[in-house]
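Dock chain B against the given chain A, drawing on the hints supplied.
From first to last, the protein sequence lines stand for chains A and B. In terms of numbering that gives the first Met the number 0, the first sequence opens at residue 0 and continues consecutively. In terms of numbering that gives the first Met the number 0, the second sequence opens at residue 0 and continues consecutively.
Hints were generated in silico from the structure; no laboratory data involved. Note that CB positions come from ideal geometry on N, CA and C, so glycine has one too. A few of these clues could be false.
Which chain B residues face chain A? A few, computed with CB under 7 Å, are given here [to be verified]:
(1) L12
(2) F95
(3) V111
(4) R116
(5) G118
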Amino acid sequence: MRREPCAERDAWRERVEELGFDFHTIDGEPYWREDVCYRFRADEIDTLEEATGELHSLCLDAVDRIVRAGRYAELGLDDTAARLVERSWRASEPALYGRMDLSWDGSGPPKLLEYNADTPTSLFEASVVQWHWQQDAQPGADQFNSIHEKLVARWQQFAKGQKIHFSACHEQPEDRATCEYLRDTALQAGLETVALDIADIGWSGADFVDLDNAVISRLFKLYPWEWLLAEPFGAQIPKVDVRWIEPAWKMLLSNKSVLPLLWEFFPGHPNLLPAAHTRAALAGTLVRKPRFGREGEGVIVLEAGAAEPAATEPVVYQQFSELPRFGDRHALIGSWLIGHDAAGIGMREDGDRITRNTSCFVPHCFDG
Amino acid sequence: MRPGSRKSSTVRLVLMGAAVGGSGLLAGCGTDVQRNRYNSREDCVADYSQAQCGPDFPLGAAAAVGAATYYYGPWYRSDATARQRDPNDPGAGRYFSGGGAATPGTRPPATVEAGSRGGFGSTGRVSARGG
Numbered sequence: 000m001r002r003e004p005c006a007e008r009d010a011w012r013e014r015v016e017e018l019g020f021d022f023h024t025i026d027g028e029p030y031w032r033e034d035v036c037y038r039f040r041a042d043e044i045d046t047l048e049e050a051t052g053e054l055h056s057l058c059l060d061a062v063d064r065i066v067r068a069g070r071y072a073e074l075g076l077d078d079t080a081a082r083l084v085e086r087s088w089r090a091s092e093p094a095l096y097g098r099m100d101l102s103w104d105g106s107g108p109p110k111l112l113e114y115n116a117d118t119p120t121s122l123f124e125a126s127v128v129q130w131h132w133q134q135d136a137q138p139g140a141d142q143f144n145s146i147h148e149k150l151v152a153r154w155q156q157f158a159k160g161q162k163i164h165f166s167a168c169h170e171q172p173e174d175r176a177t178c179e180y181l182r183d184t185a186l187q188a189g190l191e192t193v194a195l196d197i198a199d200i201g202w203s204g205a206d207f208v209d210l211d212n213a214v215i216s217r218l219f220k221l222y223p224w225e226w227l228l229a230e231p232f233g234a235q236i237p238k239v240d241v242r243w244i245e246p247a248w249k250m251l252l253s254n255k256s257v258l259p260l261l262w263e264f265f266p267g268h269p270n271l272l273p274a275a276h277t278r279a280a281l282a283g284t285l286v287r288k289p290r291f292g293r294e295g296e297g298v299i300v301l302e303a304g305a306a307e308p309a310a311t312e313p314v315v316y317q318q319f320s321e322l323p324r325f326g327d328r329h330a331l332i333g334s335w336l337i338g339h340d341a342a343g344i345g346m347r348e349d350g351d352r353i354t355r356n357t358s359c360f361v362p363h364c365f366d367g
Numbered sequence: 000m001r002p003g004s005r006k007s008s009t010v011r012l013v014l015m016g017a018a019v020g021g022s023g024l025l026a027g028c029g030t031d032v033q034r035n036r037y038n039s040r041e042d043c044v045a046d047y048s049q050a051q052c053g054p055d056f057p058l059g060a061a062a063a064v065g066a067a068t069y070y071y072g073p074w075y076r077s078d079a080t081a082r083q084r085d086p087n088d089p090g091a092g093r094y095f096s097g098g099g100a101a102t103p104g105t106r107p108p109a110t111v112e113a114g115s116r117g118g119f120g121s122t123g124r125v126s127a128r129g130g
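Excised from the complex, chain A in its bound form (with noise of 0.2 Å):
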């Protein structure tokens, strides 16, 4: 795993916008850079496929073992969505897609940082933007991206001939670009499909409708699973019977306080890191998440004995595991998942020891 400079794509720019990509720039600062790329073996690779599809079995075994044990309070859930994910997952309704966030820098077991499973961006810069930065830039190598072929795959598998509606907050260039993408895979898997804003979701008194009234029957929705819940329309979710996508059992694997349970359930296991409900439960530098924080919003290290701040909403503390650093970068290894699959990987990576909205995303090839 190195990190190499790169010689930049003539009008790069004016190729990723033509691609639909028009956020590689956030507030005049880079968030898509092409000057450095990462390499890889490919035996690393294996070591990253391998781990993802393990982690992925745990994860379903931990869903499992939280619906079967009823342990929704310690994930703050309350009765309405414990039902909901309960309905879910004994309906074995399909998952699409999930990043699980790893720490590796190429040596010893990648070790899971967090789960995105229910709402994760930067699909669309790994799936497509880099897949033609390694046509144009790497063509010798060879790239860990089937993201594409397998999100076409995955639609034809468990929604074929059906209409789903795609909804998110299309304010959010990064919102919107990710549920497009989705649709547009949709659509190539030959589904009917329908975009609308979340906010454009209306409720006919026994049904949510679009613009057009029709009735949604499936919903992908960017949106996370809390939030819906919280929400006026979050009432009207148990009447009725529709399809989402992510399903509701999903909200278990997102919510940060899965960490705990999940080295509870596989204690010492190489590819997770110690985690918990309590700061004293642990030794060493930590950190400490919010429950449903997303893109590092109110993610802290912590030193060990160093003083620590108030936290106004529930966290867990997990052992705190650097980065790989290439210069003053900290390296990020976003690996995809679709449906069951390991499907390839995104880098991020940010001065900074965590990884935010606006840490870069940098393309990666590897060596055959």
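What follows is chain B alone, placed relative to chain A:
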């Protein structure tokens, strides 16, 4: 994928592309919408097309208890400027767009129903949602 490769052999896009920013998506969270209610299908069709008119229950009524059915046109944005900006917005219907003149032999909208929309999306306006 090619045998031995772990990369998609092709990445074709049918929807995304340079025009994604103006691809007809209704932009913006939390926009107010409304729809016209009519006493008959004929009244509705005088304002919209057949395909845009359909029977429905008033918002908040429970279909199961036999609430009265009316005919409704499509949802459209309450803000006229927003309607003009969005090529996909179906508009307020011929009656309102034409300055309040009903088609002979038909009646104007009985009422305008403010949408029960915006019940999702409020948190997303102030917080990060992706991961």
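So which hints don't hold here, by number, going up? 2, 3
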